[in-house]
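Chains as they are written, first to last, in the UniProt record's numbering: chain A, 1 to 317; chain B, 1 to 317; chain C, 1 to 317; chain D, 1 to 317; chain E, 1 to 317; chain F, 1 to 317.
There may be inaccurate statements among the hints.
Which chain A residues face chain E? A few, computed with CB under 7 Å, are given here [claimed, not checked]:
#1 E248
#2 P252
#3 M289
Calculated directly from the structure, the hints in this document are not laboratory data.
Using N, Cα and C, we set each Cβ at its ideal position, and we do this for glycine too.
There are 6 protein chains.
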Amino acid sequence: MDVVTLGETMMLFTPDNPGPMRYADRFSNRVAGAESNVAIGLARLGFQSGWISRLGDDEFGKKINAFIRGEGVDTSQVILDETADTGLFFKEKLAPGEWRVKYYRQGSAASRLKPGDVDESYIAEANYLHVTGITPALSDSCYETVLTAIDYARAHGVNVVFDPNLRRKLWPDHKARKVLTELVQKADIVLPGIEEAEFLFGNGTPEELARTFREKGASTVILKLGGTGAYYLNNAAEGYAEGFEVPEVVDPVGAGDGFSAGVLSGLLDGLDMKDAVQRGNAVGAMVVMAPGDVEGLPEKDRLVDFITNRNQSDVER
Amino acid sequence: MDVVTLGETMMLFTPDNPGPMRYADRFSNRVAGAESNVAIGLARLGFQSGWISRLGDDEFGKKINAFIRGEGVDTSQVILDETADTGLFFKEKLAPGEWRVKYYRQGSAASRLKPGDVDESYIAEANYLHVTGITPALSDSCYETVLTAIDYARAHGVNVVFDPNLRRKLWPDHKARKVLTELVQKADIVLPGIEEAEFLFGNGTPEELARTFREKGASTVILKLGGTGAYYLNNAAEGYAEGFEVPEVVDPVGAGDGFSAGVLSGLLDGLDMKDAVQRGNAVGAMVVMAPGDVEGLPEKDRLVDFITNRNQSDVER
Amino acid sequence: MDVVTLGETMMLFTPDNPGPMRYADRFSNRVAGAESNVAIGLARLGFQSGWISRLGDDEFGKKINAFIRGEGVDTSQVILDETADTGLFFKEKLAPGEWRVKYYRQGSAASRLKPGDVDESYIAEANYLHVTGITPALSDSCYETVLTAIDYARAHGVNVVFDPNLRRKLWPDHKARKVLTELVQKADIVLPGIEEAEFLFGNGTPEELARTFREKGASTVILKLGGTGAYYLNNAAEGYAEGFEVPEVVDPVGAGDGFSAGVLSGLLDGLDMKDAVQRGNAVGAMVVMAPGDVEGLPEKDRLVDFITNRNQSDVER
Amino acid sequence: MDVVTLGETMMLFTPDNPGPMRYADRFSNRVAGAESNVAIGLARLGFQSGWISRLGDDEFGKKINAFIRGEGVDTSQVILDETADTGLFFKEKLAPGEWRVKYYRQGSAASRLKPGDVDESYIAEANYLHVTGITPALSDSCYETVLTAIDYARAHGVNVVFDPNLRRKLWPDHKARKVLTELVQKADIVLPGIEEAEFLFGNGTPEELARTFREKGASTVILKLGGTGAYYLNNAAEGYAEGFEVPEVVDPVGAGDGFSAGVLSGLLDGLDMKDAVQRGNAVGAMVVMAPGDVEGLPEKDRLVDFITNRNQSDVER
Amino acid sequence: MDVVTLGETMMLFTPDNPGPMRYADRFSNRVAGAESNVAIGLARLGFQSGWISRLGDDEFGKKINAFIRGEGVDTSQVILDETADTGLFFKEKLAPGEWRVKYYRQGSAASRLKPGDVDESYIAEANYLHVTGITPALSDSCYETVLTAIDYARAHGVNVVFDPNLRRKLWPDHKARKVLTELVQKADIVLPGIEEAEFLFGNGTPEELARTFREKGASTVILKLGGTGAYYLNNAAEGYAEGFEVPEVVDPVGAGDGFSAGVLSGLLDGLDMKDAVQRGNAVGAMVVMAPGDVEGLPEKDRLVDFITNRNQSDVER
Amino acid sequence: MDVVTLGETMMLFTPDNPGPMRYADRFSNRVAGAESNVAIGLARLGFQSGWISRLGDDEFGKKINAFIRGEGVDTSQVILDETADTGLFFKEKLAPGEWRVKYYRQGSAASRLKPGDVDESYIAEANYLHVTGITPALSDSCYETVLTAIDYARAHGVNVVFDPNLRRKLWPDHKARKVLTELVQKADIVLPGIEEAEFLFGNGTPEELARTFREKGASTVILKLGGTGAYYLNNAAEGYAEGFEVPEVVDPVGAGDGFSAGVLSGLLDGLDMKDAVQRGNAVGAMVVMAPGDVEGLPEKDRLVDFITNRNQSDVER
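Just need the whole structure built from these sequences, with the hints factored in.
Take a look at the structure:
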């Protein structure tokens with residue numbers, strides 16, 4: 001495996017019409033999960049990725065499993081759990097730019113992930129382990145599972161990539177701050193958004209915040225600055241990679257996951273940090289121009305075209 | 001109020017296409033609840049009915065509340081609970097005649113109904129209290145709530161109508177048998193299906209089973225025999241009311257609730273038992289010829305037309 | 001023109017789901033009109049047909065006009081009326097086999113058809129004039145228009161074909177009976193259903209009823225007996241043409257119009273009465289096996305195939 | 001009742017796709033009526049509102065009645081009329097920003113509203129009577145009904161709120177101008193849009209036009225200036241309340257009704273005129289950010305959030 | 001006929017949702033063809049137009065034929081070919097402004113058009129023959145057919161109108177350049193877009209490019225400059241006609257065809273070149289504000305309204 | 001691999017409504033291919049199956065590949081061909097029980113399968129090679145490819161299973177008869193339908209026909225007799241396995257593929273011939289009770305339930 005990731009994927013239901021959901025009577029469903037998005041993004045770019053999770057041994061679990069496997073991700077580590085349900089959630093578009101989410105995920109199969117679900121040898125053979133801050137918020141055993149996976153990675157020299165992915169609905173702020181900081185300490189690469197950085201360490205410039213992450217223990221920090229691009233910092237390199245112009249944001253969800261997939265694909269291809277981050281920006285931009293989390297994830301040739309032909313200027317300020 | 005009822009109503013999602021739900025990506029939703037069906041059936045026939053429940057203070061709860069109120073049912077006793085979700089469930093049509101249900105109702109708002117939610121004076125002013133065997137299966141506090149409502153009814157001379165509505169997915173058989181039998185003892189009128197009767201008291205003819213119900217304490221027993229009709233027994237009357245011929249069963253769900261509404265409307269109109277049960281048969285037949293639980297519930301004039309013009313023969317065997 | 005016809009065509013709205021329309025929130029629309037169905041049926045079989053009518057000069061009128069012209073019917077005599085609306089109606093499927101119709105056609109453009117709208121030379125050049133009993137029910141001027149068209153036809157030796165098409169919602173029984181009888185007297189060929197025949201002349205066998213029609217003035221009577229087939233009677237021929245077996249009636253509407261188109265196509269092709277009526281039976285059968293009024297109308301080769309290969313036995317009893 | 005209102009509500013059909021309706025074959029339907037929108041807006045904000053009307057005793061009438069009752073509005077005064085149809089209309093989106101409406105409402109049930117339909121005691125117990133300029137345009141008896149309701153209100157000290165709601169398709173300009181002016185004279189509060197004000201009294205600044213309304217007899221004038229906000233004038237107060245920024249207008253219909261509901265809710269809550277008008281602006285803005293007339297109407301907590309957090313500056317020029 | 005045109009029309013399938021088509025499972029279909037769009041545009045403006053083509057003798061061919069005939073275009077010259085399929089294509093909206101097309105048109109019925117399919121007398125009686133550069137790209141026999149039609153036109157003094165409509169997917173650039181240039185030489189009026197002009201003759205100002213077209217043999221050149229408008233040049237007149245402001249481009253496809261229809265309608269109405277080109281601009285603008293190729297094509301009164309009321313300034317620079 | 005199969009899978013489009021496709025404007029698409037159905041059926045029952053094919057390197061090809069891989073089939077041998085399109089077809093339901101198919105598959109990617117696409121070692125490691133009579137009908141190179149795969153199988157002792165799957169639209173009868181007979185000779189197990197058997201060898205009883213197959217070279221023959229069941233014959237066993245009662249045939253397509261998957265799963269599980277054939281009958285019955293080709297394919301536990309609980313009697317006549 002080039003990249004192994006770990007987390008919950010749910011069935012997402014969206015009403016066919018915008019406005020409050022009480023007026024909706026038609027819904028579409030999709031597969032949605034931050035970590036599986038990253039795995040799919042990498043598979044589409046030609047890399048080998050694997051996804052570790054639990055799903056209910058029910059129709060929704062089987063649908064999710066088939067979808068992710070169909071996208072070329074290795075799902076051999078996924079457990080179908082007969083004793084718990086697949087999580088689901090509803091997403092309403094209340095008004096332009098105003099979304100609201102309702103979960104039915106308490107006690108979900110994924111929330112029962114436990115350290116024993118992680119196969120050390122599976123992690124050991126990967127180049128990167130990717131984890132997010134959603135998983136430890138789901139349950140204590142999920143938290144333990146993430147720690148275990150990280151321990152295995154570190155024991156075998158596998159790079160740990162951490163995306164904080166703060167979800168304030170899932171846990172209290174103080175707990176989130178404590179655990180996310182702990183995970184920053186254990187990560188080789190962290191990919192926070194600027195608001196997440198400020199949530200953790202208070203206000204500051206990207207440079208200042210990145211330095212704080214480094215002081216906490218992460219060797220490489222890539223700070224996502226929205227449409228503007230990203231700032232990266234490690235021992236070897238430092239700078240801004242500007243974002244790509246997007247004529248219209250069709251669906252913003254999944255941009256961060258696309259960014260992660262882009263950056264990791266760049267590193268796996270041996271790009272330098274600047275070009276890898278630029279690739280992250282490009283994938284993120286392509287994702288927001290299509291509906292859904294994964295529809296916009298590009299194949300390699302479309303990605304190269306996009307980077308070559310779109311307006312983007314890379315600056316070392 | 002002519003009839004007050006009590007129970008959980010959920011948001012029902014059904015895939016647009018038959019077959020296993022993993023292949024579905026479009027769903028429609030409806031309001032579904034046995035007790036609210038009865039209340040709606042009575043309102044449509046021109047009676048005053050009220051429904052006591054808890055709903056999540058969320059979009060689904062508000063949708064359910066508006067729908068039932070729109071149908072003319074008094075919802076003044078419904079509590080919107082900010083701390084719990086509205087229950088929901090999915091219904092797949094796996095094959096012709098083979099349905100499968102999946103619940104997301106654990107810890108739902110309705111499962112938190114508690115005795116204090118029932119206003120004694122509200123019950124006291126009703127002619128009938130209608131309860132089902134679903135509610136005590138939801139939680140201990142739901143069980144207590146049903147008992148409380150029955151106590152209030154009995155204290156004020158309100159007739160207690162009990163429909164066992166056995167749901168084996170919700171509780172173990174022995175517990176179901178124990179509680180349902182307890183409720184039979186407390187009821188004035190019981191409306192079991194023949195399979196439910198056999199679940200409770202073993203095999204037997206309708207006459208034998210009805211006698212057993214009477215021995216347990218119910219004064220009036222109306223045993224539903226599916227399309228065949230129903231057998232009724234009390235101190236004053238006894239006999240069979242044959243069912244109505246139905247050219248095609250479009251959707252069988254809600255037939256029993258329609259039956260209850262029909263019988264109660266007949267009793268409220270002062271019909272004798274035989275004619276009231278016939279009316280129950282008619283409403284049940286009309287419900288199964290339309291999709292959904294409540295779409296087929298008739299207004300008075302359509303019901304009278306139906307009884308007058310359809311093939312049905314009433315026999316005293 | 002081989003056949004010219006005259007009448008109202010409306011926009012039909014049907015809810016996507018069965019059951020009472022109050023629960024519907026999605027509707028499909030189609031073009032629906034008995035006379036235009038006949039014209040389309042003939043055009044599809046390769047004949048030249050023309051349709052005289054008024055439509056509102058609005059989007060629905062333009063849709064209807066384009067649809068009928070697209071099917072190959074001459075619409076040069078259609079008037080788009082700026083001062084009136086195109087009629088529309090809703091059709092609910094209340095229960096299996098139970099339909100209910102609601103019209104918004106009062107004062108519609110077609111109800112304003114007047115004698116001056118009919119071009120004598122257009123009628124004069126036709127082989128057949130086809131009219132139905134719907135048109136005179138719409139308004140006095142519509143009634144006059146039908147009489148005028150018939151007068152033109154008779155003056156020029158054009159055969160008058162009359163389909164009673166009784167619509168009891170549109171006029172009182174006594175008026176319907178009077179006007180339809182008057183039109184029977186003026187027709188060369190009448191195509192009543194058995195119920196219509198009994199409405200006009202009381203109960204009787206097909207033979208008796210056909211004789212009554214002949215006594216009233218129609219030279220050829222073809223009595224439609226539903227799936228059973230039809231009975232025909234004129235100076236030259238008499239007998240039954242049996243119907244074709246239909247595995248499932250998908251949508252019964254339009255069967256009579258298809259029957260008319262089939263019979264007329266047979267007569268235009270020089271078939272004897274028996275074979276022409278058989279063709280009517282075949283087209284009617286094909287229409288009920290497809291949704292909508294015109295979807296099942298066959299092209300010549302499919303019709304010949306159907307007659308050749310399906311189970312049907314023609315008997316002279 | 002806090003507010004009683006009176007008027008026609010129709011079934012609205014909209015094609016699923018934009019462009020001329022002749023190309024549409026799928027339609028959705030909704031409940032649409034200016035006065036019932038106001039009643040629903042008030043109910044959602046926690047007030048008691050009642051709606052007086054006639055509907056056809058048909059499926060559309062029953063649907064409208066159930067919908068409005070479901071929203072918490074008192075519909076006890078609604079008459080289901082067996083002799084007339086529920087009005088309906090179609091709304092096409094011809095091009096961006098270009099809408100076209102087609103009515104089938106002539107002779108509708110609501111157009112038969114008559115003075116005797118209004119219960120004096122029902123009006124007498126209200127705080128406000130809300131009427132619009134649509135109703136008197138429907139028929140003479142509707143005009144008389146509005147006058148009667150106003151007379152009852154004035155006799156019992158109930159405040160009369162009048163929204164001109166000019167519909168030039170429904171009556172000739174000179175008649176509209178005469179009747180609307182008459183109603184302005186009888187109203188306590190008038191809520192005209194700026195174009196309506198100019199239609200009635202010619203061009204002028206908001207201040208000038210408001211003064212003219214006052215001279216005509218209205219004691220309070222609130223002049224709606226579109227997205228810009230509103231100008232208010234009465235004995236006690238005068239000024240501009242600026243509008244709220246809206247990122248995208250999803251559906252402009254219903255904004256004025258939301259404005260009325262917002263202002264009335266503010267007055268009922270004892271706000272001063274400036275804050276009440278600001279609340280009107282806020283509700284109007286929230287309505288245009290959701291599809292449909294009522295989907296965007298807020299509950300109290302969302303309204304307060306919106307006013308607190310959105311960009312709006314209130315100026316006394 | 002006022003205008004006769006010639007070319008392929010296909011069945012167009014578009015996924016209901018944007019994004020890559022692999023995620024689509026619902027498609028809508030429409031009729032799409034540049035030349036039939038022009039014919040429909042002219043018919044809607046009240047002119048007589050005819051369309052020559054081949055279609056498969058299959059359901060799609062019959063649908064296309066009925067649709068175009070329904071729009072009032074003469075389809076008497078259309079051949080239904082039993083030995084070939086109707087072409088079809090799929091159109092994906094990959095991202096805002098990024099479309100991708102996939103054809104299934106190789107060996108289609110239209111690609112089998114041959115010189116013998118063109119009736120000399122049909123061309124001879126027209127005022128204009130309209131051809132595009134798509135047809136010669138389909139096959140050698142299509143190329144020959146276009147030449148034959150042009151020869152007939154020139155022999156009978158019928159004006160030849162040529163729209164290059166470059167489709168680089170259909171043939172190699174060098175061949176396209178050669179054939180399109182040949183057709184320019186044979187045309188009286190050419191209607192190239194600016195990119196097409198540059199493809200043929202290299203970069204240049206509109207004036208320079210127009211002169212080159214004239215030198216090649218076309219007597220009138222109308223150069224389309226997108227939203228900006230158009231530049232026209234012939235012996236008698238020269239100048240710019242500015243485009244119309246469009247609030248939102250709903251669907252850009254069909255704009256050029258609408259432009260052609262507008263210009264030709266103007267010339268047929270005897271307008272001078274400047275006003276005819278302005279009319280072309282107006283029709284093109286109206287087409288892009290509606291979905292589909294033909295939905296936005298205006299009737300004469302809407303066109304006149306649009307030209308009168310919209311912002312457009314006509315300048316002679 | 002337990003079973004390797006080989007063949008074309010296409011994108012299937014079906015109109016949302018029955019009737020001739022010219023009236024359809026909404027289509028759904030699915031993945032459809034006889035051989036991939038078998039592979040999916042086996043994967044769902046827990047076996048390892050692999051599918052060899054070519055697909056266009058386009059969106060439809062990628063959709064098909066992802067779907068089949070998602071179902072758990074090994075698609076490592078699938079080639080995405082940049083030079084050819086994925087085949088597609090349309091399926092109309094003309095009337096109850098009357099379907100019509102239209103292909104766009106000429107020159108499709110799968111028709112370019114060639115012997116070099118088959119990896120000998122991949123076949124060598126399988127227990128069974130499954131081929132059908134569709135593939136050799138697609139092209140000469142497809143025919144050669146099937147022969148090559150069979151040669152590899154026989155060289156390595158892999159059992160060859162052959163399902164004739166006669167498609168008379170794809171090739172002339174004499175050629176079909178010749179090639180299918182040749183393949184029968186090379187197969188270990190043949191699974192013809194009774195009509196296919198009669199097409200190849202003339203009329204006869206199942207016993208006679210089975211003997212003929214054996215004489216031609218197949219060691220095991222399983223003759224499918226529709227709902228009645230199947231007759232099997234080889235050296236060791238002989239008899240009838242009766243079919244299962246099916247309350248309603250929802251979609252008959254895919255029954256034969258399900259039968260093959262069921263039989264092969266039985267043989268892989270070591271069942272005797274009679275029980276394996278019964279399992280084939282069961283899977284076939286389950287497939288026809290769900291829409292689509294693969295939706296009804298059961299997992300092992302549902303299959304066992306079905307066999308245990310349904311009415312079926314196995315007789316040795």
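Now for the hints, and whether the structure bears them out:
no. : hint : in the structure
1   : E248 : holds, 4 Å
2   : P252 : violated, 13 Å
3   : M289 : holds, 4 Å
Figure legend: structure checked against the earlier numbered hints; the only hint not met is number 2.
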